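Q: Protein chains in written order, with my numbering: chain W, 14 to 291; chain R, 3 to 381.
Rather than coming from a laboratory, the hints here were simulated on the basis of the structure.
Please note: incorrect hints may appear among the correct ones.
Quick look at which bits of chain R chain W covers, simulated, 3 or more residues with Cβ under 8 Å [what the hints assert, rightly or not]:
id: 1; region: 50-64
id: 2; region: 89-96
Derived, one-sided and incomplete: chain R residues facing chain W with beta-carbon distance under 7 Å [what the hints assert, rightly or not]:
id: 3; residue: Pro76
id: 4; residue: Asp77
id: 5; residue: Val83
id: 6; residue: Tyr102
id: 7; residue: Gly103
id: 8; residue: Leu106
id: 9; residue: Phe330
Everything numeric in this text was worked out from a predicted model, so none of it was measured.
Glycine included, each C-beta is placed from N, C-alpha and C at the ideal position.
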Amino acid sequence: MSTPARPSEASAAARGAIRAPRRPFPLLGAYVALVCLVLVLPLAVVLVISFDTASYINFPPQGFHLQWYRSLPDNATFARSFANSLIVAGASTALSVLAGVPAALAIARGRFRGRGLLYGLCLSSLTVPWIVYGVALLFVWGFLGLRLSIWTLIFGHTVIGAPYVLRTAVAVLRDMPAAYERGARSLGAGPLRAFLTVTLPLMAPGIRAGAAFAFIISFVNIPVSLFVTTAENITMPVAVFNYMQYNFDPSVAAFSILQLVVIGLFIGFAARAARQEA
Amino acid sequence: MSDIALELAGVEKRYGASTAVAGMDLAIGKGEFVSLLGASGCGKSTTLMMIAGFEQPDAGEIRVRGRRIDPLPPDRRNVGVVFQAYALFPHMSVARNVEYGLRLRRIPAAERRRRVAAILDLVNMGHLAARMPAQLSGGQQQRVALARALVIEPDILLLDEPFSALDRQLRERLQREVREVQQKLGITTIFVTHDQEEALLMSDRIAVMHAGRIEQCASPQEIYQQPGTRIAASFIGRGTFLPGELAAAGGRARFAGLGQEVALPAAPAAPAGRATAFFRPEDVRRAGRGKAAAAPDAGAVRAAAAGAGVNPDAQALRLSGRVKAVYFQGAATSAELLVDGLAEPVLLDPAEWLRDGPLRAGDRLDAYVDAASLRIFAG
Numbered sequence: 014m015s016t017p018a019r020p021s022e023a024s025a026a027a028r029g030a031i032r033a034p035r036r037p038f039p040l041l042g043a044y045v046a047l048v049c050l051v052l053v054l055p056l057a058v059v060l061v062i063s064f065d066t067a068s069y070i071n072f073p074p075q076g077f078h079l080q081w082y083r084s085l086p087d088n089a090t091f092a093r094s095f096a097n098s099l100i101v102a103g104a105s106t107a108l109s110v111l112a113g114v115p116a117a118l119a120i121a122r123g124r125f126r127g128r129g130l131l132y133g134l135c136l137s138s139l140t141v142p143w144i145v146y147g148v149a150l151l152f153v154w155g156f157l158g159l160r161l162s163i164w165t166l167i168f169g170h171t172v173i174g175a176p177y178v179l180r181t182a183v184a185v186l187r188d189m190p191a192a193y194e195r196g197a198r199s200l201g202a203g204p205l206r207a208f209l210t211v212t213l214p215l216m217a218p219g220i221r222a223g224a225a226f227a228f229i230i231s232f233v234n235i236p237v238s239l240f241v242t243t244a245e246n247i248t249m250p251v252a253v254f255n256y257m258q259y260n261f262d263p264s265v266a267a268f269s270i271l272q273l274v275v276i277g278l279f280i281g282f283a284a285r286a287a288r289q290e291a
Numbered sequence: 003m004s005d006i007a008l009e010l011a012g013v014e015k016r017y018g019a020s021t022a023v024a025g026m027d028l029a030i031g032k033g034e035f036v037s038l039l040g041a042s043g044c045g046k047s048t049t050l051m052m053i054a055g056f057e058q059p060d061a062g063e064i065r066v067r068g069r070r071i072d073p074l075p076p077d078r079r080n081v082g083v084v085f086q087a088y089a090l091f092p093h094m095s096v097a098r099n100v101e102y103g104l105r106l107r108r109i110p111a112a113e114r115r116r117r118v119a120a121i122l123d124l125v126n127m128g129h130l131a132a133r134m135p136a137q138l139s140g141g142q143q144q145r146v147a148l149a150r151a152l153v154i155e156p157d158i159l160l161l162d163e164p165f166s167a168l169d170r171q172l173r174e175r176l177q178r179e180v181r182e183v184q185q186k187l188g189i190t191t192i193f194v195t196h197d198q199e200e201a202l203l204m205s206d207r208i209a210v211m212h213a214g215r216i217e218q219c220a221s222p223q224e225i226y227q228q229p230g231t232r233i234a235a236s237f238i239g240r241g242t243f244l245p246g247e248l249a250a251a252g253g254r255a256r257f258a259g260l261g262q263e264v265a266l267p268a269a270p271a272a273p274a275g276r277a278t279a280f281f282r283p284e285d286v287r288r289a290g291r292g293k294a295a296a297a298p299d300a301g302a303v304r305a306a307a308a309g310a311g312v313n314p315d316a317q318a319l320r321l322s323g324r325v326k327a328v329y330f331q332g333a334a335t336s337a338e339l340l341v342d343g344l345a346e347p348v349l350l351d352p353a354e355w356l357r358d359g360p361l362r363a364g365d366r367l368d369a370y371v372d373a374a375s376l377r378i379f380a381g
């Protein structure tokens, strides 16, 4: 190249032009920082309290130790509710995937009347207040003469979790050209094999993201659980709720932090799946 | 006929009240390359999808070597399809994509590898077998898609506008490559396109489609030189449509239009009455050149034209007017002539005239078309 300086000059100018409007709103940074603070501060307080040496919840803390965390397994209600929550969230997520993915296929790929209506109906539990839904479930079980058990709880959580899987799966399918499935079919794959070898692998990130949301929704849910749990199948948030009514020691803060860690894990999982999708 | 590879008999497809394909008949010989050409919505893609098995015909039969395939699902038809774009499985490497159909056919691994390598070499993609589709250019992706469709040794190869997402240069190269591969393998091919140049370049025969019907199905040369219908004429190549009247008095057919009457050497298929004459740009010949700078003597020219127009035995249609524009296109030059009494400009192919002297916009021009070059359509 005889004139290497020219292009670099040009690109420098271009970079300058791009850099110029980088801080058009000097107040925006401060605003974002404020919003972050408001969002994070309450959680930070819980975190600090969970390490406090005082035997009651107060702020600012008096000292630092891990006693509240160490004693968590000794609290039978906490231990059981933690296990229950993992079981219920895991099982309802699995059922949500089993219900949501075929429903998404029917809605996104099927050709029948009332698909839109069906889709809206399937998503309706996203808009019905959960507490209304919890009461309704209680009545249904009573009417059917079913005793409340971990299974009734798993069912309730599946109904509120499945729409998350359905929605992400439908979104992925609608963006996916029919040529993929058609290509597989024309090459000799039956409908099931085309689904398993082409459609499902391509849907996987969307399904994973939806499943992570379904897990979190189950894991944090109080309104539905409150009505359909019993002492034996109590879940984590309900246990926290109950505990807080009669106790004031920071062990509940430690327990809440544990809950946050699990949720954080699944949010990370969902975020990674969303990136893969893009 | 035993060498018919694919046959469509009375194939129809309706969507609600609208008819996408209306009673289509088409027979394609073994190894033939036939294009379905038409504007979007003409039914060409629907026809292809019915052959592939993704759409079900409402009436008619589709046969491959005499065997009905229309009741079969797509995976039991042994038809290879190359789609417009985005058809390679993005989660599989090039080799895995091509191998897909062979795995389903339970071909042993060693033979699979051999066939995948051979077909990838044929489309010049052997060196990129390990790549993922996202790492390939559009042209490379379509080469792999072709290999994937061909490796299963299909009875029929279907190409659904496979070049439309590519830029012009690449498109032209791939057109030649695909045609070469098709001829080498001797595979019966149906090609759907809305690009007439593509169809002219690649096809043994072109079926011009309009409103769910085949307007004309013939070799590219025949469709160009003897378009059977107005729509076929407008879809292949360019030319001028001249409204007028067809009369068949005294055993000889005459076309009256543009204030003239021309004796036609052969009786056209169109019935007497309102008719349209059609001619190609290269059919227009130059009679002489008027002076652009001179005072407008259009009146004199028109009077001369009117005087000659009453001659019922004229062997040519005269076109007098002013050159509207000259378009230099490298190897070719085209021009438009605003003819007195015609709303639309007449397309010219002035390549030969330019040897005698330049042609400029605004020039007065007297030209003519031989009666033998006129195609007459009804309406």
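Q: Against the structure shown, which of the earlier numbered hints fail to hold, in ascending order?
A: Hint 9 is the one this structure does not satisfy, whereas the remaining hints hold.
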